[in-house]
Amino acid sequence: MEPLLTYLAKALVDQPDQVALRISEADGGRLYELKVAPEDVGKVIGRDGRTVNALRTLLTAAAQKQGQKVRLEILDDRRAPGAPVVPPAPDDAR
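Numbering (the numbering used here), first residue to last: 3 to 96.
Hints were generated in silico from the structure; no laboratory data involved.
Just so you know, these numbers come straight off a predicted model, no measurement behind them.
The beta carbon of each residue, even a glycine, is placed where N, CA and C say it ideally should be.
Warning: the hint list may mix true and false statements.
[Stated by the list, open to error] With a straight-line Cα cutoff of 27 angstroms, these simulated DSSO-like cross-link-like pairs (lysine-lysine) come out:
no.	residue 1	residue 2
1	37	71
2	71	45
3	12	71
4	67	12
5	37	67
[Claimed, not checked] Here are the in silico distance ranges between beta carbons for each label pair:
no.	residue 1	residue 2	range
6	77	6	16 to 26 angstroms
7	66	41	27 to 37 angstroms
8	5	30	20 to 30 angstroms
9	8	67	28 to 38 angstroms
10	68	12	18 to 28 angstroms
11	31	5	16 to 26 angstroms
12	19	69	27 to 37 angstroms
13	12	52	14 to 24 angstroms
14	40	69	34 to 44 angstroms
15	6	26	10 to 20 angstroms
16	8	78	32 to 42 angstroms
17	52	23	14 to 24 angstroms
18	29	51	15 to 25 angstroms
19	70	41	25 to 35 angstroms
Please take these sequences and the hints and turn them into a complete structure.
Printed below as a string of structure tokens:
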């Protein structure tokens with residue numbers, strides 16, 4: 003499954019040399035964490051998440067054939083870990 007996911011991700015992005023896949027065991031299955039160049043994150047996610055959902059569907063179907071459970075996450079470095087999330091300004095119009 004790793005070669006399939008890597009191949010598809012590299013075909014979607016402009017910088018295929020920056021595609022990295024990290025695999026770990028989590029929640030009784032495998033967790034695939036896909037990292038791409040910051041400017042390619044949108045291409046992998048797609049409009050309304052359609053592309054990433056298609057990737058998840060393919061990965062899940064391939065895993066089910068092997069009797070496995072999988073989960074796919076896209077890592078986004080555009081927001082640094084630990085960076086404060088700024089809440090929206092309160093609406094003063096009453």
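Hint numbers contradicted by this structure: 9, 16
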